[in-house]
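Each chain is listed here by its residues.
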Amino acid sequence: MKLKIKAASYEIKKSSDAKLLSFLAYFINGVIALFCLIPFIMVVSASFSSEEAIKRFGFSLYPREFTLEAYTTVFKEPMVVLRAYGVTIVLTILGTLAGLFLQTMTAYVLSRKEFEWRNKFSFFFYFTTLFSGGLVPSYILMTRYLGLKDSYLALFLPLLFSVYNLLVMKSYIMGLPESLIDAAKIDGCGEFGTMVKVVIPLLKPAMATVGLFIALAYWNDWYNAMLYIGKESMHPLQYFLYKQVNNIEAYKRIIESQQVSSEAASAMSMPTQSLKMALTVVVTGPIILLYPFVQKYFVQGITIGAVKG
Amino acid sequence: MKKRVLSMIMIFVMLTVIFTGCGSGSKNKDKDTVSEVTEGGTRTYNGVDISKELTLKMYLLGDRSKDFDKVYTEINKILKEKLNTTVEIEFLSWSEHDTKYSLLFSSGEEFDLIFTASGWGHYEATAAMGGFYELSEDFIKTYAPDIWKVVPSAAWTQALIDGKVFMVPNYQNEFAVNVLAIRGDLMKKYGYDTIASWDDLIAYYGDITTGEAGITPLGTQGGGLLYPFLLHKGVDTIGGSPSELFIYNTLTPEDLSITYALDWEGFAEYCKAVKQMFDAGYWSADSLATTEERQDGLLNGTAASMVWNLGSCKLYAEQANREHPDWEVTIVDIASDISKGVNPYINNGVAINAVSNHKERAMMVLNEFYTNPAIYDLASLGIEGTHWEAVSDDQYKLLDANSDYGVDNNCNWGWTNADIRRKQYIENPTALDNKAQELQDTWSKDIKADHIYDGFTFDNSKVSSEIAAVGTVITQYYTPLMCGMAGDVDKAINELRTQLDNAGIQNIYDEIQKQAAAFVESKK
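Taken in order, these protein sequences are the chains called A and B. First residue of the first sequence: 0, per numbering that gives the first Met the number 0; consecutive thereafter. First residue of the second sequence: 0, per numbering that gives the first Met the number 0; consecutive thereafter.
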């Protein structure tokens, strides 16, 4: 009861420019959020609209001529979509766990002052972000030397370690008071115990952020699949979607070149707009549901480095 | 400072370790993946030793159909028996082949056969980077004698790059010209038996505009008449040039001049004609920004005609007649007095990888694909009895399971062979079927002589900034003119000319002429 009165009196004391500020903040954020939301609503509504309605009226905020046709087409052969889902989910889970483990361990080691070569190693990691091998050399490396063509490892390994995430993690660990580690040591904790029992619980926000980054990278990756995976049954979800959506672009380009023979032209099936949208919904659905759970940590995570520790 | 030097040295040491490590590892991997089964004595086919069992790898474009693997198991049975060889197929999907095609060659990946096509199928680019194996006349005659008998010499000439052949072109006479699908009920209503010339068409369009409400001759496809017009004038555009700005006389092979469209007298004539038509309401004003496709207007009843090639016109005319039998959609050729050209043979083909270890066997396999009727039918139609059934010796009828494989749907275009290709059996031919067949037969009797520029594609990468500038001018000034929406024609043409000059059209013209001359030279 007392608390409530206090809060109320605080409200009254709020000056008028603070009110204006919060009004503006809500208003502007609300408008921006709306702008972000509208396209997605249009995608969802288009996926439920009939193809004729999309052609005639364009995209709209609510489905016109409601139909589930696009979704029945997507799931006509459920095994194809489900297998792609399976590949992506397994890759994302394993990749996130393994990646998080590797990156946290590395960051922790690099942040410890006892590690004499930490700056040299940090530089080595940083150095790799400045240069990349380029498309052809990395393709040759992956397919000819490492023999990873048509292997799930080709999807797993390239995303396992990100230097950017390492730097985020490292700067967060540097922000922790060193005396905590010393205290743990004095209390008789071993190196690994210190890491697991003292450091990791404090790292939760950073780990949630980095974990989400890694999970998103795995979830959204189609490029590696395009380069290294030829077998259709091994394609992850995003590449499955990419192929469907981009066929239409490739098709248009080829038809416009006017050189293609009629057999080739008729073999290129054009996915309809509503099918594309339905695929997008099917693919984005699960990862959107992940956001609310990690968002709490995510907000803490991205302020890393904003305040000097 | 010292520290930094030390760390740099360390990095280089690590890099060296990584690279040498990979290098030594590769040596062990570079072994032949092919299984070797030597049978008693040596087996030969056409005098070539085939006692070694091989599996060849072939790349095709597109997406794998549902029954593809089943069909190729059958094909492999025949190939195994005849040539002691099997093939393993990988697909490059439509969305990825632009990136991956060249990557396959630059990374030196080992495979044997690959689909290729002039222009859109990476033929010229890959040949230029040395990716394809050169097919000499001796090589073809020795390992693919049947292909040598089938493929016309014009096709080999088209495939020449700097005097060398790098692909086996497909063999079929496919007409590339534009025709019109037209509402037959309206033809009858206004008393037209046939429409066989540009003037007939314009008169018919005029009657529709004045007599019919709610339907215009071309709907939203205002720009559609240009190609029929060019055809009727006997000129064609240079492949790869911006829009239709550079043309040549396709009917006279000895005429090697390339004309800037604005200097051609037909240009102003066309612009004036379409302006009159647009003013009279032959098509709607949203032609410039429509999202409709060519066939939409005809199918939904807002347009009385559509322009496209024969195959597409027939396809959509059939659809329209199915949905509205009273429309009696038919096909007309408004340039009936002009002989028609066929698509270049190099629009589809197969090439052999330069790093393949089994080029001879690859060529022998291709010979089978191209000329063995059993394999040809399998690759083109699927399994007999499952996907299709034979009607007489050269026709087929589709069975229900066909949708799992399709007809000519599995990138078998590279070895299309008109001599052994089956035709679809039509039980009760409609008037439309007969009309299409009649056009095809008439054209086949009078095929236009090959003009060297028919197979020439301009590579615009050297003048890409001019091409970009011209692109904006085209959207702003050229397209409205082509749809008759630019107001005063003479003024609009002058404005277009000035704008194109400023955008550097002369440089493009010079480059086209340079490349065309080099192209002519390379075919000698």
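Don't read these hints as lab results, they were simulated from the structure. Please note that the accuracy of each hint is not assured.
Unchecked claim - Straight-line distance between alpha carbons at most 30 Å, and here's what the computed DSBU-like set of lysine-lysine pairs gives:
id, chain 1, residue 1, chain 2, residue 2
1, A, Lys54, B, Lys274
2, B, Lys140, A, Lys148
3, B, Lys81, A, Lys230
4, B, Lys522, A, Lys230
5, B, Lys522, B, Lys447
6, B, Lys51, B, Lys81
What the hints assert, rightly or not - If you want the footprint, here are the derived chain A segments under chain B, 3+ residues with CB under 8 Å:
id, region
7, 126-139
8, 199-212
Since this is a predicted model, take the numbers as computed values, not measurements. We put the beta carbon where it would ideally sit given N, CA and C, even for glycine.
Structure-based check of all given hints:
no. : hint                  : in the structure
1   : Lys54(A) - Lys274(B)  : holds (28 Å)
2   : Lys140(B) - Lys148(A) : violated (36 Å)
3   : Lys81(B) - Lys230(A)  : holds (28 Å)
4   : Lys522(B) - Lys230(A) : violated (40 Å)
5   : Lys522(B) - Lys447(B) : holds (19 Å)
6   : Lys51(B) - Lys81(B)   : holds (13 Å)
7   : 126-139               : holds (count 5)
8   : 199-212               : violated (count 0)
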